[in-house]
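Peer 1: Protein chains in written order, with our numbering: chain A, 16 to 217; chain B, 20 to 340; chain C, 1444 to 1798.
Simulated from the structure, these hints should not be mistaken for laboratory data.
Each residue gets a CB set at the ideal place from its N, CA and C atoms; glycine is no exception.
Don't take each hint at face value.
Stated by the list, open to error - Ranges between beta-carbon positions, derived for each pair:
# : chain 1 : residue 1 : chain 2 : residue 2 : range
1 : B       : Lys-259   : C       : Ser-1783  : 22 to 32 Å
2 : B       : Asp-181   : C       : Tyr-1480  : 52 to 62 Å
3 : C       : Leu-1484  : B       : Lys-259   : 16 to 26 Å
4 : B       : Asp-50    : C       : His-1556  : 18 to 28 Å
5 : C       : Tyr-1480  : A       : Ala-212   : 28 to 38 Å
6 : B       : Asp-181   : A       : Ala-59    : 50 to 60 Å
7 : C       : Glu-1475  : B       : Arg-298   : 49 to 59 Å
8 : C       : Glu-1475  : B       : Gly-159   : 49 to 59 Å
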Amino acid sequence: MTDFEFPPSIDSRPVYGKLETRPGHAHLFIADAEGAAAILDFAAANADIMANSHIIYIPKDCGEKYVAQLEALNASQLYVGPSYPAAMSRINHVLATAHMGIQLYLAGTEGLMSETRTTATNAGVSLDSIQLEHRGSLSRRMQCVHCKGITENVITDPYVCSHCGLNLFVRDHYSERLGVFQGVRVDAEDHGNVPDAVELYK
Amino acid sequence: MSAGAEKISVTVSEKVVLNDLVTRFQFKRTDGGSFPAFSGGAHTVIEMKDGDMTRLNPYSLMSNPLLPDVYEISIRRDEDGRGGSKFMHDKVNVGDEMVLSYPVNLFSLDLRARKQLMIAGGIGITPFIAQIKQMSLLGGNFELHYSVRTKSLGSYVDELMDQHPNNVHIYHDDQEERIELEQLLSGQPLGTHVYVCGPKGMIDWVRSTAQSLGWPESSIHFEEFLAPQSGKPFSATLSKSNVTVEVGEHESLLEAIERAGVDAPYLCRGGACGQCETRVLEHDGEIKHHDHWLEDEERACGDKIMPCVSRFEGKTLVLDR
Amino acid sequence: MTIQFNDETFKDDYTFKNSKKALARFPFPFHEDSYMYSVNLEPHVTTRSGSVFEKGFDVDEHYVSEMRDRAEVLAQDPLRSQSLPHMTLAGWDFLELVMENKAKDYPDLFELHKDGSTWRWINKPLGIDDTFTFLDDTTLPYGPLEYIGRQTQGDHVLLDQREDNLWADAGIVTTQADWSLDFDIGMNFNQWHAPVPLAAELGIFKRALKFLMNIQLGAPARRLNWTMTVNPLLDTSPENYAEWGIQKTDMNVDTVGAKQHLRVELQTLWRLPRSNALVFPIRCYLASFEDIATVPKWGRRLHRVVRDIPDELATYKGFIDNKPLMLDFLSKFDDGLPTSDGIWPDIETEPPLQK
Chain A
16 MTDFEFPPSI DSRPVYGKLE TRPGHAHLFI ADAEGAAAIL DFAAANADIM ANSHIIYIPK
76 DCGEKYVAQL EALNASQLYV GPSYPAAMSR INHVLATAHM GIQLYLAGTE GLMSETRTTA
136 TNAGVSLDSI QLEHRGSLSR RMQCVHCKGI TENVITDPYV CSHCGLNLFV RDHYSERLGV
196 FQGVRVDAED HGNVPDAVEL YK
Chain B
20 MSAGAEKISV TVSEKVVLND LVTRFQFKRT DGGSFPAFSG GAHTVIEMKD GDMTRLNPYS
80 LMSNPLLPDV YEISIRRDED GRGGSKFMHD KVNVGDEMVL SYPVNLFSLD LRARKQLMIA
140 GGIGITPFIA QIKQMSLLGG NFELHYSVRT KSLGSYVDEL MDQHPNNVHI YHDDQEERIE
200 LEQLLSGQPL GTHVYVCGPK GMIDWVRSTA QSLGWPESSI HFEEFLAPQS GKPFSATLSK
260 SNVTVEVGEH ESLLEAIERA GVDAPYLCRG GACGQCETRV LEHDGEIKHH DHWLEDEERA
320 CGDKIMPCVS RFEGKTLVLD R
Chain C
1444 MTIQFNDETF KDDYTFKNSK KALARFPFPF HEDSYMYSVN LEPHVTTRSG SVFEKGFDVD
1504 EHYVSEMRDR AEVLAQDPLR SQSLPHMTLA GWDFLELVME NKAKDYPDLF ELHKDGSTWR
1564 WINKPLGIDD TFTFLDDTTL PYGPLEYIGR QTQGDHVLLD QREDNLWADA GIVTTQADWS
1624 LDFDIGMNFN QWHAPVPLAA ELGIFKRALK FLMNIQLGAP ARRLNWTMTV NPLLDTSPEN
1684 YAEWGIQKTD MNVDTVGAKQ HLRVELQTLW RLPRSNALVF PIRCYLASFE DIATVPKWGR
1744 RLHRVVRDIP DELATYKGFI DNKPLMLDFL SKFDDGLPTS DGIWPDIETE PPLQK
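Could you put together the complete structure from these sequences and hints?
Peer 2: Pasting the structure below:
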């Protein structure tokens, strides 16, 4: 269960729940930072599937905090990696060799879960085989509708596109296919009039 | 818009008895034109005039879906049914004129799939024949597992084995050949979709096995035409039309409504598509829900009924028709 | 039927103009003096000879120039035309639908000759004469959706029907009212409508989705939608918002009549045979406020609709800031007289402006 209560929003905005038990022959967990806690909570009630589980964890600022506990789960495979891009080749390989019946469990930041879900659906995993549980940072993965560049870890509104430099306001409109929220130029109708950045959800 | 899909006047151009149970019918358009193209898995509803009774039965189309100059269906004779299949087998002949509906598809292929895994039992082979023709013309990865009672009752087995020897697997019940379902569903690549059409038991078996092995719902497809069940006769009052119909033992509520000349919407006539959903304004008795469409709460609430397959037992039933 | 095609632009110098004939058949969308959302779907059947509802795919004087504008937008931004791989078959279905309809309805302008799978398509206004093999994309210069979309007015979205929902899995979109195909492609019905305020609470989308999923072959449906645009700009995309957004602020009391346009979308929905998908053509018609005001009933009605529209809708449709200026202009054409029901101009029966 996420420790943050997202305010109600539009129908395209993803809503996260709690990881639930599902039948399957293989279970793939991908998490970052505080997402490890969601895996630990789930494993406590589902120890029997750990023998068929592959855990891919990117600690980020959590460092060693959860690593020992994850190791103690005795999953058939555990990988602790320095970053998501570094983990990509492993994730792609697991997906390329997976069979129907694999269950995916994503936990942590919206950015990680979004990007991973997109990778998984591109590899042929159905949306209904993928569960998401939010933990930790509230930052978003944003795409600039003008230059199409993606900016990670956005926590203010408006924000500056890391590619083209425009000031963009943060929309709740979300694309599952791309794994991003939409950013639109904030001063389009009044060039130069950029409101002060405010932290999201505050 | 009136009930059902657009209609086409046709003439029976071929009638071929395939085996003791199954006969194939081929139709050409009476006006000589070509038929609408369709998507594999679609069915047509045939209008049969049997004396003063009009039957409307859905049958899967088997013809080439992409450029069809004929429509073809295969019908399995059902001795215990309501008479539609017997009527077709015994009373319809080459040269007869009939009416078909435009195709309607409630069992379409998910074209995103990287592999289509098809499981057929008996007459359930028919929608797959059209789908396989489609895939052969457009390219696509498919695999068919087809269970038949005996070799002689294996409709289209020879044709399928000839044309697709590497993609078709046949299982003869009388030779104890069984689909190794768990094994089959355990090693499929990501992006495989499974489709099952056949007797209810087979459909339930494939669905539950796939679910227990972790296959997501979106990848499991099935088509089951529920034939309307017979039951005790009952009355229904159609409040808008100001008429009361007496539903006979062997006719459905929908058929009784139609017999009374009231235009009621329908599509599949088999309890699956939701199109005939009718509001119950009043009832004193028990609604017998036999459909796949309503949610449990809707059934319990008693304010909706699917007249194509459901019935009623009791004193009063008033419908919003 | 001969159509005199305009040579006009929909950006930069904006030479777009409606002839009297075009204005007379403009699909004014308001059937009463106020506006609220509804599932206003009706069968798409031939209605009123000469109107935009007569033909399956309406062709008018703006055809050639609109297609030129489209080609320019696509050259600048090819992401406006995309088709997820499984939608190619639906693209062919759509190509057949347009070709057959246009060849039947405008035989002087379009011809379709079939010899088995070998088809020859002649589009006289655009100077096209192409022979290709139906269902074989190697024989067309673009995928089928883009090929025919470049010759058909309006945006076109292909909707895959699965999992009890509709998915916008392909489209050619260059005349949109501020939504991004590249962002929305792959979304389902609920997701792509998410930004529309109020409608979800009214249950509009739930009912509409059910209706759409039951549309059958040979029985298309249609509805009208509308918004406001400053200048007769077709490409009001989020991608180019920075360029056109600023134009909204560049109107004053003297220019609002000519620059403010009512933008009406004639949306049709057709079941496609081989793919079982739906195609959703969104045909855009523009008329300036000053032109609309020459029709007394429309002048009265438009004023009342804009005056009474809820702020959320005016905001969502992007004209909340210009609303006072618009009312300033429109009020001159509202003499308070009653208006007849329905969208038609009713020139013979509706009295001229009494002011």
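Peer 1: Which of the numbered hints are not met once you compare them with the structure shown?
Peer 2: 7
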